[in-house]
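First to last, the protein sequences are chains H and Z.
Just so you know, we're using numbering that gives the first Met the number 0 here: the first sequence kicks off at 0 and counts up by one.
Just so you know, we're using numbering that gives the first Met the number 0 here: the second sequence kicks off at 0 and counts up by one.
Derived from the structure by calculation, the hints contain no laboratory data.
Take the hints with a grain of salt, since some may be wrong.
What the hints assert, rightly or not - Below, a list of computed lysine to aspartate or glutamate pairs in the EDC-like style, where the Cα atoms sit at most 20 Å apart:
#, chain 1, residue 1, chain 2, residue 2
1, Z, Lys103, H, Glu218
2, H, Lys309, Z, Asp94
3, Z, Lys151, H, Glu218
4, Z, Lys74, H, Glu218
What the hints assert, rightly or not - What the simulated footprint calls covered on chain H by chain Z, stretch by stretch (three residues with Cβ under 8 Å from a Cβ of chain Z suffice, anywhere in the stretch; the number is not a length):
#, stretch
5, 211-217
6, 234-246
Said to hold, decoys possible - One-sided excerpt, in silico: chain Z residues whose CB lies under 8 Å from chain H:
#, residue
7, Ala50
8, Pro72
9, Tyr73
10, Asn78
11, Thr79
12, Phe81
13, Asp83
14, Ala85
15, Phe87
16, His89
17, Tyr98
18, Gly99
19, Arg146
20, Asn150
Model, not experiment: these values are computed from the prediction.
All C-beta atoms, glycine included, are put in the ideal place defined by N, C-alpha and C.
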Amino acid sequence: MSASPSPAVLTGKSGLLTAASDLFWRRPGLLLVLMLAPPLLWLGVIYIGSLIALLLQSFFSIDEFSGLIVYEFTLSTYKQLLLAANFDIILRTVVMASLVTITSAILAFPIAYYAARYAQGKWKALFYLGVMLPLWSSYLVKIYAWKLILAKEGILTWAFEKLHLSWLLDGVLSLPVIGGNSLSVSYIGTFIVFVYIWLPYMILPTQAALERVPGNLIEAAGDLGATPSQTFRTVILPLALPGIIAGSIFTFSLTLGDYIIPQIVGSSRLFIGQAVYTQQGTAGNVPLAAAFSVVPILIMALYLWAAKKKGAFDAL
Amino acid sequence: MTAAVEFSNTSRHYGPVRAVDAVNLEVAEGEFFAMLGPSGSGKTTCLRLIAGFEQPTGGEIRIFGEPAGGVPPYKRNVNTVFQDYALFPHMSILDNVAYGLMVKGVDKATRLREAEAALELVKLPGYGSRRPGQLSGGQRQRVALARALVNKPRVLLLDEPLGALDLKLREQMQEELKTLQRSLGITFIFVTHDQGEALSMADRVAVFNQGRIVQAGTPEEIYKRPQSRFVADFVGSSNVIAPEAMARFGGEKRWASLRPEAIRIGAEGGVAAKVLVSNFLGSTTRLSLDADGVKLHAMVPAGLSVPQVGETVQLVWSASDLHYMDDAA
Numbered sequence: 000m001s002a003s004p005s006p007a008v009l010t011g012k013s014g015l016l017t018a019a020s021d022l023f024w025r026r027p028g029l030l031l032v033l034m035l036a037p038p039l040l041w042l043g044v045i046y047i048g049s050l051i052a053l054l055l056q057s058f059f060s061i062d063e064f065s066g067l068i069v070y071e072f073t074l075s076t077y078k079q080l081l082l083a084a085n086f087d088i089i090l091r092t093v094v095m096a097s098l099v100t101i102t103s104a105i106l107a108f109p110i111a112y113y114a115a116r117y118a119q120g121k122w123k124a125l126f127y128l129g130v131m132l133p134l135w136s137s138y139l140v141k142i143y144a145w146k147l148i149l150a151k152e153g154i155l156t157w158a159f160e161k162l163h164l165s166w167l168l169d170g171v172l173s174l175p176v177i178g179g180n181s182l183s184v185s186y187i188g189t190f191i192v193f194v195y196i197w198l199p200y201m202i203l204p205t206q207a208a209l210e211r212v213p214g215n216l217i218e219a220a221g222d223l224g225a226t227p228s229q230t231f232r233t234v235i236l237p238l239a240l241p242g243i244i245a246g247s248i249f250t251f252s253l254t255l256g257d258y259i260i261p262q263i264v265g266s267s268r269l270f271i272g273q274a275v276y277t278q279q280g281t282a283g284n285v286p287l288a289a290a291f292s293v294v295p296i297l298i299m300a301l302y303l304w305a306a307k308k309k310g311a312f313d314a315l
Numbered sequence: 000m001t002a003a004v005e006f007s008n009t010s011r012h013y014g015p016v017r018a019v020d021a022v023n024l025e026v027a028e029g030e031f032f033a034m035l036g037p038s039g040s041g042k043t044t045c046l047r048l049i050a051g052f053e054q055p056t057g058g059e060i061r062i063f064g065e066p067a068g069g070v071p072p073y074k075r076n077v078n079t080v081f082q083d084y085a086l087f088p089h090m091s092i093l094d095n096v097a098y099g100l101m102v103k104g105v106d107k108a109t110r111l112r113e114a115e116a117a118l119e120l121v122k123l124p125g126y127g128s129r130r131p132g133q134l135s136g137g138q139r140q141r142v143a144l145a146r147a148l149v150n151k152p153r154v155l156l157l158d159e160p161l162g163a164l165d166l167k168l169r170e171q172m173q174e175e176l177k178t179l180q181r182s183l184g185i186t187f188i189f190v191t192h193d194q195g196e197a198l199s200m201a202d203r204v205a206v207f208n209q210g211r212i213v214q215a216g217t218p219e220e221i222y223k224r225p226q227s228r229f230v231a232d233f234v235g236s237s238n239v240i241a242p243e244a245m246a247r248f249g250g251e252k253r254w255a256s257l258r259p260e261a262i263r264i265g266a267e268g269g270v271a272a273k274v275l276v277s278n279f280l281g282s283t284t285r286l287s288l289d290a291d292g293v294k295l296h297a298m299v300p301a302g303l304s305v306p307q308v309g310e311t312v313q314l315v316w317s318a319s320d321l322h323y324m325d326d327a328a
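Please model the entire structure based on the sequences and the hints provided.
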């Protein structure tokens with residue numbers, strides 16, 4: 000051996016930062032607490048706190064003559080939700096959110112499947128770019144762009160005319176309830192814009208789930224005698240379901256809460272988000288606004304519970 | 000008798016890459032057939048061609064006489080045990096095994112009964128309610144086997160079936176697979192890069208190199224009479240001796256292979272060699288020797304005295320153990 004062996008414990012580094020590093024190394028929990036405390040405080044105080052304040056508001060009521068809030072516990076505000084006019088708003092929003100979610104899932108699946116199974120290299124980059132690009136531009140700009148596209152003088156009407164399909168557009172617009180004067184003032188228009196705006200949130204989780212399905216499972220199913228459609232039903236779909244449910248949580252809850260799209264594109268009939276907006280703004284009925292905003296929370300809680308039972312979060 | 004699987008001039012090219020190149024092959028019915036070769040030699044592609052996951056770009060494949068061109072995997076009476084088992088993670092073991100029957104529309108009671116019987120065949124009775132994630136590698140391998148066998152295929156394909164198992168389990172499964180194959184009478188075709196596995200299990204072995212079959216025959220033929228340096232090198236770690244060295248050793252001036260266990264350590268009258276390394280393997284000791292610039296391996300059975308490293312010994316072998324080869328690589 001050499002004359003001066005190197006020491007077993009190195010003493011080269013010292014100082015405050017090193018001392019802190021040593022402390023964190025000995026007590027890893029301390030570092031965790033330091034890292035988590037700020038976001039947890041933020042979440043706990045600002046987010047959960049305001050949510051609880053909102054919940055409390057919903058149990059108050061408003062004095063009809065003075066317009067002042069009566070700070071006494073009551074369920075009368077919730078009872079108001081069941082009035083035909085208000086209940087219609089809830090029903091309309093839930094039906095729209097469901098349709099948007101189902102349509103997004105159907106549209107997203109083939110795109111996600113292609114991206115996960117076939118796209119490689121620059122095609123994959125192109126896929127991500129294509130899906131993410133709409134998310135980079137302003138939400139309002141996109142909606143106003145759609146309003147122009149869907150308007151009576153818009154490009155869609157023009158295109159239908161040129162294709163001699165005006166009868167088709169008119170036929171669709173003459174349908175009761177979902178039709179209207181033009182697409183931009185109909186439920187169909189609202190629906191199209193909702194699907195357009197939220198589609199990326201469905202594609203990405205679905206693609207992530209499909210990416211995790213090993214290719215040899217699909218081969219194994221075929222090997223065991225399953226036709227492509229059987230393979231889809233028994234192997235691909237069940238394994239992609241967690242991703243689809245994760246995506247549907249986005250599309251469903253985002254549609255439930257949105258108040259700008261139906262205001263800009265659509266008939267003047269209200270959605271939950273708009274009801275909250277008008278009740279706490281112009282109408283000054285904060286308790287009713289609070290009660291309205293509890294509805295999506297409850298629906299989402301129910302939905303998440305059902306999704307959890309289905310095992311949607313096992314893969315997370 | 001028609002061959003169970005027949006390749007005639009079959010090729011699978013990916014652009015300039017010749018994964019499988021003009022392969023001719025006949026696997027007899029009821030045979031335990033091994034495709035042996037280093038990775039990238041085309042053996043797995045051949046298996047995938049039989050299963051129908053790949054289509055040949057040239058030539059033809061017949062399965063029991065019927066042309067397999069354009070027949071999708073789900074219409075072939077051939078089943079595969081995948082290298083990493085490919086069990087469905089969202090199904091119970093019983094549902095995994097019953098899958099093939101389920102997609103063929105067999106009623107629930109029958110298919111579950113048969114799946115249970117298949118699990119018994121692979122010695123996993125009562126495991127049906129578990130999930131694949133709860134089983135060990137060896138157990139998953141058995142499930143994959145049961146899942147394939149429950150369909151009563153005419154040909155069973157096994158892709159590196161024992162690759163992921165530890166040594167002890169591998170030896171046990173080798174025996175079990177062989178017994179199973181004998182009792183079921185199904186044609187087994189398995190792919191491996193482990194020459195020991197191929198030699199011990201198969202009735203016949205095809206050695207692959209660079210997309211071609213370089214030699215096919217019984218394990219004994221392959222081991223004792225390799226036709227090329229590649230086969231001699233790859234199968235059985237033979238000593239491959241160059242023509243010049245052979246001439247110096249007093250043999251013909253041709254490429255030759257000499258198995259390590261055929262070399263004896265003699266007192267005199269042989270080829271002088273210096274011991275470089277000595278590896279104790281239990282039942283034998285493996286010596287690396289330097290004989291006049293030629294590196295040789297020899298096996299000394301337990302019980303005989305083992306020379307020391309650095310010692311010079313005399314190597315003796317009988318002329319009948321020398322096997323001359325075509326000098327082609």
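Hints and how they fare:
A distance of roughly 16 Å separates the Cα atoms of Z/Lys103 and H/Glu218; the hinted pair therefore holds under the 20 Å criterion. Using a Cα cut-off of 20 Å, the hinted pair H/Lys309 and Z/Asp94 holds, with the two alpha carbons roughly 18 Å apart. The suggested pairing of Z/Lys151 with H/Glu218 holds, with an alpha-carbon distance near 18 Å, which does not exceed 20 Å. With a C-alpha separation of about 13 Å, the suggested pair Z/Lys74 and H/Glu218 falls inside the 20 Å cut-off, and the hint holds.
With 3 residues having a Cβ less than 8 Å from any Cβ of chain Z, the stretch 211-217 of chain H passes the three-residue criterion, so the hint holds. Only when three residues or more bring their CB closer than 8 Å to a CB of chain Z does the claim for the stretch 234-246 of chain H stand; here the count is 3, and the claim holds. Interface restraint check for Z/Ala50: the shortest CB-CB distance to chain H comes to about 6 Å, inside 8 Å, so the restraint holds. Among the interface hints, the one on Z/Pro72 holds; its C-beta lies about 4 Å from the nearest C-beta in chain H, closer than the 8 Å criterion.
For Z/Tyr73, the shortest C-beta to C-beta distance to chain H is roughly 5 Å, which falls under 8 Å, so the interface hint holds. At about 6 Å, the closest approach between the beta carbon of Z/Asn78 and any beta carbon in chain H falls short of 8 Å, and the interface hint on this residue holds. Annotation: interface hint on Z/Thr79 holds; nearest CB of chain H at approximately 5 Å, less than 8 Å. Interface restraint check: Z/Phe81 against chain H, minimum CB-CB distance 5 Å, threshold 8 Å, status holds.
With its C-beta approaching chain H no nearer than about 7 Å, Z/Asp83 sits inside the 8 Å limit, and its interface hint holds. This hint holds: Z/Ala85 has a C-beta 4 Å from the nearest C-beta of chain H, less than the 8 Å allowed. Below 8 Å, beta-carbon pairs count as interface contacts, and Z/Phe87 has one with chain H at about 6 Å; its hint therefore holds. The beta carbon of Z/His89 is positioned within 8 Å of a beta carbon in chain H (closest approach about 5 Å), and the interface hint is therefore held.
Below 8 Å, beta-carbon pairs count as interface contacts, and Z/Tyr98 has one with chain H at about 5 Å; its hint therefore holds. Checking Z/Gly99 against chain H: minimum C-beta separation of about 4 Å stays under 8 Å; hint holds. With 8 Å as the threshold, the beta carbon of Z/Arg146 comes within range of chain H, its nearest partner Cβ sitting at about 7 Å, so the hint holds. Interface restraint check for Z/Asn150: the shortest CB-CB distance to chain H comes to about 7 Å, inside 8 Å, so the restraint holds.
In summary, the structure agrees with every hint in the numbered list given earlier.
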